[in-house]
Amino acid sequence: MQLGLAARDGRIVSTDENKTAPLAVRGLTVTYGEKPALFALDATFEAGVMSAIIGPNGAGKSTLLKAVLGMVSPVSGDIRAYGHPVRDVLDRIAYVPQRASVDWDFPARVIDVVLMGMARELGLLRPIRRAHRDRAMDCLTRVGMEHFADRQIGQLSGGQQQRVFLARALAQEADLYLLDEPFAGVDAATEKTIVAVLKSLRDTGRTVVVVHHDLATVSDYFERALLINTTRIAEGPVADVLTPDTLQATYGGRLAQAQLAQILG
Amino acid sequence: MIGAEFVALSLPPILIGCLAAIACAIPGNFLLLRRQALIGDAISHVVLPGIVVGFLVTRTVSTWPMMLGAGGAAIVAVLLIESIRRAGRLEPGAAMGVVFSTMFAGGVLLLEQSDTSSVHLDVQHALYGNLESLIWLDATGWASLLDAQALAGLPPELPRMAITCLIVTGVTALLWRPLKLSTFDEGFARALGLPVRALSLALVIMAAMAAVAAFDAVGSIIVIAMFICPPAAARLMTDRLAHQVWLSVGFATLSAILGYVLAGYGPLWLGFDDSVSAAGMIATVSGLILALAAGFGPRRAPRSA
Amino acid sequence: MWGLGYNAALVATGAGLLGAAAGITGSFLVLRKRALVSDAIAHATLPGIALAFLVMVALGGDGRSLAGLLMGSALSAWLGLLCVGWLTHATRLSEDAAIGAVLSVFFGFGILLLTVIQSLNLGRQAGLETFLLGATAGMLYSDALTIAIGGGLATLAALVLRRPMLTAAFDPGYAIATGLDVRRVDLAMMGLVMAITVIGIKIVGLVLIVAMVILPPVTARFWSDRGNRVVLIAGIMGGLTGLVGALISATAPNLPTGPIIVLTGSAGFALSLLIAPRRGLLATVLGQHRYQRQVHLRQGLLALAHGHPVYERFTLRLLIRAGLANPDGTATETGRAAAARALLDESRWQVLRADPAQEIAASHYDGLRPIETVLTPDQIAQIDARLAPRPLT
Numbered sequence: 001m002q003l004g005l006a007a008r009d010g011r012i013v014s015t016d017e018n019k020t021a022p023l024a025v026r027g028l029t030v031t032y033g034e035k036p037a038l039f040a041l042d043a044t045f046e047a048g049v050m051s052a053i054i055g056p057n058g059a060g061k062s063t064l065l066k067a068v069l070g071m072v073s074p075v076s077g078d079i080r081a082y083g084h085p086v087r088d089v090l091d092r093i094a095y096v097p098q099r100a101s102v103d104w105d106f107p108a109r110v111i112d113v114v115l116m117g118m119a120r121e122l123g124l125l126r127p128i129r130r131a132h133r134d135r136a137m138d139c140l141t142r143v144g145m146e147h148f149a150d151r152q153i154g155q156l157s158g159g160q161q162q163r164v165f166l167a168r169a170l171a172q173e174a175d176l177y178l179l180d181e182p183f184a185g186v187d188a189a190t191e192k193t194i195v196a197v198l199k200s201l202r203d204t205g206r207t208v209v210v211v212h213h214d215l216a217t218v219s220d221y222f223e224r225a226l227l228i229n230t231t232r233i234a235e236g237p238v239a240d241v242l243t244p245d246t247l248q249a250t251y252g253g254r255l256a257q258a259q260l261a262q263i264l265g
Numbered sequence: 001m002i003g004a005e006f007v008a009l010s011l012p013p014i015l016i017g018c019l020a021a022i023a024c025a026i027p028g029n030f031l032l033l034r035r036q037a038l039i040g041d042a043i044s045h046v047v048l049p050g051i052v053v054g055f056l057v058t059r060t061v062s063t064w065p066m067m068l069g070a071g072g073a074a075i076v077a078v079l080l081i082e083s084i085r086r087a088g089r090l091e092p093g094a095a096m097g098v099v100f101s102t103m104f105a106g107g108v109l110l111l112e113q114s115d116t117s118s119v120h121l122d123v124q125h126a127l128y129g130n131l132e133s134l135i136w137l138d139a140t141g142w143a144s145l146l147d148a149q150a151l152a153g154l155p156p157e158l159p160r161m162a163i164t165c166l167i168v169t170g171v172t173a174l175l176w177r178p179l180k181l182s183t184f185d186e187g188f189a190r191a192l193g194l195p196v197r198a199l200s201l202a203l204v205i206m207a208a209m210a211a212v213a214a215f216d217a218v219g220s221i222i223v224i225a226m227f228i229c230p231p232a233a234a235r236l237m238t239d240r241l242a243h244q245v246w247l248s249v250g251f252a253t254l255s256a257i258l259g260y261v262l263a264g265y266g267p268l269w270l271g272f273d274d275s276v277s278a279a280g281m282i283a284t285v286s287g288l289i290l291a292l293a294a295g296f297g298p299r300r301a302p303r304s305a
Numbered sequence: 001m002w003g004l005g006y007n008a009a010l011v012a013t014g015a016g017l018l019g020a021a022a023g024i025t026g027s028f029l030v031l032r033k034r035a036l037v038s039d040a041i042a043h044a045t046l047p048g049i050a051l052a053f054l055v056m057v058a059l060g061g062d063g064r065s066l067a068g069l070l071m072g073s074a075l076s077a078w079l080g081l082l083c084v085g086w087l088t089h090a091t092r093l094s095e096d097a098a099i100g101a102v103l104s105v106f107f108g109f110g111i112l113l114l115t116v117i118q119s120l121n122l123g124r125q126a127g128l129e130t131f132l133l134g135a136t137a138g139m140l141y142s143d144a145l146t147i148a149i150g151g152g153l154a155t156l157a158a159l160v161l162r163r164p165m166l167t168a169a170f171d172p173g174y175a176i177a178t179g180l181d182v183r184r185v186d187l188a189m190m191g192l193v194m195a196i197t198v199i200g201i202k203i204v205g206l207v208l209i210v211a212m213v214i215l216p217p218v219t220a221r222f223w224s225d226r227g228n229r230v231v232l233i234a235g236i237m238g239g240l241t242g243l244v245g246a247l248i249s250a251t252a253p254n255l256p257t258g259p260i261i262v263l264t265g266s267a268g269f270a271l272s273l274l275i276a277p278r279r280g281l282l283a284t285v286l287g288q289h290r291y292q293r294q295v296h297l298r299q300g301l302l303a304l305a306h307g308h309p310v311y312e313r314f315t316l317r318l319l320i321r322a323g324l325a326n327p328d329g330t331a332t333e334t335g336r337a338a339a340a341r342a343l344l345d346e347s348r349w350q351v352l353r354a355d356p357a358q359e360i361a362a363s364h365y366d367g368l369r370p371i372e373t374v375l376t377p378d379q380i381a382q383i384d385a386r387l388a389p390r391p392l393t
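Chain order of the listed sequences is B, L and X. FYI, this note's numbering numbers position 111 of the first sequence as 111, with every residue one higher than the one before it. FYI, this note's numbering numbers position 6 of the second sequence as 6, with every residue one higher than the one before it. FYI, this note's numbering numbers position 353 of the third sequence as 353, with every residue one higher than the one before it.
Next up, chain B with everything else stripped away, as it sits in the complex (with noise of 0.2 Å):
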């Protein structure tokens, strides 16, 4: 794949393929006042892959999931997941948001979020039953958990509260997986734990997009990757898209040389 021109017009969306995918972007513009945080961005993820979506700080990644989950308008374009408006399938989706996005601080155990997941299928106010509770369990056993459940959440480490996060996803059933940055800022053991959840959850036929920063993990944990600065830079599968020329474009003057080497081993 090659630079800037060239990639862009390399890919032409074609209609079906947006009756398909999971979830596909077109011409996303988001601006936060006059600058963009988006523009014209183009990306399509494919079924049963796991991706990444990469770029430096500010380039848009986690405007571009709060975009597809409507948590910010957009100035135009048009986002569609499963061939319909993301609105209609919200129940086939499944957000795991930054960690530092909310009040750790907030009075609710490690089980309590996690039933948080099930929001939808237990409504207003049906009981929350065994069925939910054993699932729920399962669901913390998965990312190692269950000895926590009755752990007040700010007790928690940063790598637990990831897990957590993780978890309440799983609860959530869903087909389309959507994770911003889950591994910054956690250990080593917690990151290996999530990088397997969301490999058994490819292996199961999920996707998974994840706004990753580390561009060091970026082939051995991910299939495709998204990369952006503003507009989009590169995409595709990784070994095709981690290329100097495009991470340069990515990352400009701020990738030195000697990072690079390592990255592209």
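Just so you know, the hints here were simulated from the structure itself, not pulled from any lab data. Be a bit skeptical, because a hint or two may be false.
Unchecked claim - The list that follows gives simulated cross-link-like pairs (lysine to aspartate or glutamate, EDC-like), each with its CA atoms no further than 20 Å apart:
no., chain 1, residue 1, chain 2, residue 2
1, X, K33, L, E91
2, B, K35, X, D171
3, B, K199, B, E46
4, B, K192, B, E223
5, X, K33, X, D186
6, B, K199, B, E223
7, X, K33, X, E129
8, X, K33, L, D138
9, B, K35, X, E359
10, B, K35, X, D181
11, B, K199, X, D345
12, B, K35, X, D186
13, B, K192, B, D220
14, B, K199, B, D175
To be verified - Listed next, the stretches of chain X that the computed footprint assigns to chain L, with coverage defined by at least 3 CB atoms under 8 Å from CB atoms of chain L:
no., segment
15, 251-257
16, 337-350
We put the beta carbon where it would ideally sit given N, CA and C, even for glycine.
Here the structure of chain B is known, so what remains is to put chains L and X in place on it, guided by the hints.
Same frame as chain B, now just chains L and X:
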């Protein structure tokens, strides 16, 4: 003290005080957790212009126009705060300060300009209320509680406050899950498709309802204090939301009863003739409870980040 | 002076000076996002006023000496401030909760003390209620003088302290690094707010004094992005508001000073909110619409250049209206030229942004800005040289 006189003179104000305190404390818990504690403050400031407008429009000192005016003012204030915050890119505190001081100033000016001296409508009343005057003249003793004719003579504030309290409790119970979820993690709540905006509006409207009904009975000091102090004290005692809400209800009730009794009988015990402001005493007691919780509450410590 | 009484003129001067001091000091408070601390301070003065009255009466005075009452109010405001600090730092409560708690409890306790004073039947009405809403009518000459002098001193202090306060408010981390004692600056700032409150309660009343501290800076914020300017404008705004408000209220008997001053300030705020250039509501809405149109046009042109269909109706409508596209979605002659230009511009930007040596120039990229506004023709020629060998389709 627990005799016929108590039933006639003290029971109704104590009950009204408790109901008002509880109705404010329950939404206060969520406002506190959402860092919107001062919305309660703002709402109770704009109640004054609301009732003045309600009076000027209808020219009568009847309850409903005034309560409608107050409720309308509260909602206008909340919408104004939100739009000024967005449009002017201001911090919420500054936006609140701008809106409530402007509306309060407008209310005072209207009051001065209009001929309201003949009616019982003044700033003092808006601030302290008049809990002590809410007596039950038809009561002759505990038996009156079962006497339909005597019950009809209850101060109208009592059933009104009871209904308000019931509505606030019911709505909170109904919306418990989405309220809890959107308070903890608004982004996730949106991603689930919950109507986050509508929920926070519902919360504010509930708070406004409680404030307006309570203000009419007890004045705005109690309202502000009860929005914040009992939930804050409860926050320092527990790490479970449900426990926190129950505790805040307990603290609110305790403040109301203790405050009323101390205001009514305290000075007598000290050898003075007159009682002191019950509203002021209730606010003071709630502050003391908060101070105790802040000094000794098991969950008082700030989280080491 | 303008047919006003000597007292009224003095009060107006005092209100003007007080407004200036409040505007300057309030700027830092608002910048630090602690605007409502001033509300807690104001409400916390009430028990001090009542206690000072009781103490003065107990000592045999008549209890109405303004200086004595103000001293009492300052003491209890200080105590309230300490409580806000204690609740915020020693417990998990956030500052807004602490402010609300202190505000309501101190105020409630103050009301309690007022009823105590009433019930003690001290022979004369204490008139302490005037502190709630302020009252300048019937003010003694000495009171007016106290206010004028106090206002002048507060303005002076605010002017002297403005540099360290600005540094501390704008970037506390940097301030600490440069050796500035931020805690002491904060303390001085709170001290100033307290002084302003104490002087102002007789004029504006303690319920409304918060407006004098908040309104000028949030109004000034609409007119400038630069810290120094905001402070200056807020000072002038505050001064004018105080002076004009006090003068208006002196023209008729039932125009209470406090509310009139506040409403004067609110009018200034509302006007600025609407019409201020760039940050005002009108400018923002118009700007957003213009921006949205530009974005759609640009994206439409790029789609035309690439031969993609234009998906969004709004985009197509804009293109047609600008004579760039035909109703069937194909480009017109001018449209083709414009599309080619847009594509060339975009391609140049892509090259520029990929060049690590050009990071600063590349940071101007916003999807709309023509590259000619950033680079010289020579630089563009260099880019074109690198662009040429690449296939354009």
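Comparing the hints with the structure gives:
no., hint, in the structure
1, K33(X) with E91(L), "6 Å, holds"
2, K35(B) with D171(X), "23 Å, violated"
3, K199(B) with E46(B), "15 Å, holds"
4, K192(B) with E223(B), "17 Å, holds"
5, K33(X) with D186(X), "13 Å, holds"
6, K199(B) with E223(B), "11 Å, holds"
7, K33(X) with E129(X), "31 Å, violated"
8, K33(X) with D138(L), "53 Å, violated"
9, K35(B) with E359(X), "17 Å, holds"
10, K35(B) with D181(X), "36 Å, violated"
11, K199(B) with D345(X), "42 Å, violated"
12, K35(B) with D186(X), "34 Å, violated"
13, K192(B) with D220(B), "11 Å, holds"
14, K199(B) with D175(B), "13 Å, holds"
15, 251-257, "holds (count 3)"
16, 337-350, "violated (count 0)"
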